[in-house]
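Colleague: Taken in order, the sequence shown gives residues -18 to 382; the numbers are from my numbering.
If you're looking for bench data, these hints aren't it; they were derived computationally from the structure.
Just so it is clear, CB atoms sit at the ideal spot from N, CA and C, and this is done for glycine as well.
Among the clues, some could well be false.
[What the hints assert, rightly or not] Label-pair ranges, simulated between beta-carbon atoms:
id, residue 1, residue 2, range
1, Gly160, Pro69, 55 to 65 Å
2, Ser218, Ala122, 19 to 29 Å
3, Val262, Arg111, 22 to 32 Å
4, Thr234, Arg117, 46 to 56 Å
5, Val262, Phe230, 21 to 31 Å
6, Val300, Tyr92, 37 to 47 Å
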Amino acid sequence: MSDSGAPWDGDLGRLYRWFRQPTFGGARSLYRWALIGVSVGIIAGVVAIAFFEALTLVSNGLLGGLLGINLPVNGVPPGAPFSWSTDPYRFYLLIGILVLGGLGAGLLIQYVAPETEGHGTDQSIRAFHRGRGVVRYRVPAVKFLVSTLTLGTGGSGGREGPTAQIGSGLGSFLARPLGLTTQERRVATMAGLGAGIGAIFKAPFGAALLSSEILYLSDFEPEVIMPSIIASVISYSIFGSVDGFGPEFVIPTGIGWTPAQLPVYALLGLVAGLFGILYVVSFYRTRAFFRSIKVPGAIVPAVGVALTGGVLAALYYLVPQYHHFLAVGGIGIGYGMVQWLLYQGHLPLFFLLLAVGLIFVKILATSLTVGSGGSAGLFGPGIVVGATIGFSVISLMDLAF
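Work the whole structure out from these sequences, hints included.
Modeller: Right, dumping it as structure tokens:
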């Protein structure tokens, strides 16, 4: 047993000792945690609703109304063989819409809040460690706008990263009216990060744990856990009261597994890990490239999404099979395509090759969109890439054996 009295050392020991502190058990301490968690959770939940609705409104208006691109949706079973539609006479206009969105986002990022560039999670972590939990007041509003412009116009990225930075900014913002100390402000900042992710991804407990462990490579911040759980549950409850409490993806009935399939899943884990390395390397090398080119910073995101649009337009006209599967899968977040894949049975080898191609397309489109400074997350496309890898590996194994 260690000198501290904890029956173990390491992360669990730190958590044990923290719960044993006299201040934790006092009424004032519990009041402070509840005050931080409830306040952050309420405002993060309301803003998550506004962000989700803004993305839906802009995407439906520009992509659906103007370009005739109706993307597949998640959370409901596909109602047709192909749950998306496009207009071949207007699809090429996607490049122009992407450029306008990238230019608007780039101008706001460059001249109003440079810290809203990219996925945003790194900035929240930096604020916790180096900035005493201080996030400039303008950051949540600007992140809201630039992410709506990037994703709503078809940029490839996720909404979890932006919501995390918005939530952490809101937590920092509440520090002054709540009279928080520096340490409490740092905790509120990370509770806001967890509340944002917990609401938008509908995973409050996972988001709360993420907000405490994302701060370190091999450790976690125990003080963040309780306020973050409170904030995440409240924000999720508020968000779910409007968007519903159903899961992000509807799983078909009758799906199961047997222990005999474990070697296949081990292979799947290996393949997914290799593609994960490719995803990370692709993103950071693309970001390094865009930071090295001699182009005004305000227009770099527009250059990135223009390249994204060019790739998708070329795929649309050159690979039209399966209702332009490759091009459509590269647009936006991509959760709808995951939902569609979940309901597909045995498909011919050619489609499986297209599915493998979508893995590379999504990695490339996201690297160009976010690596150039566009405001979007990396987690959402990672879900799409992982799901497509799983579909491809299992389907190819079925075909082979």
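Colleague: State for each hint whether it applies.
Modeller: Against the structure, the hints:
no.: 1; hint: Gly160 <-> Pro69: 55 to 65 Å; result: holds (59 Å)
no.: 2; hint: Ser218 <-> Ala122: 19 to 29 Å; result: holds (24 Å)
no.: 3; hint: Val262 <-> Arg111: 22 to 32 Å; result: holds (26 Å)
no.: 4; hint: Thr234 <-> Arg117: 46 to 56 Å; result: holds (49 Å)
no.: 5; hint: Val262 <-> Phe230: 21 to 31 Å; result: holds (28 Å)
no.: 6; hint: Val300 <-> Tyr92: 37 to 47 Å; result: holds (39 Å)
Violation of the numbered hints given earlier is absent; every hint is satisfied by the structure.
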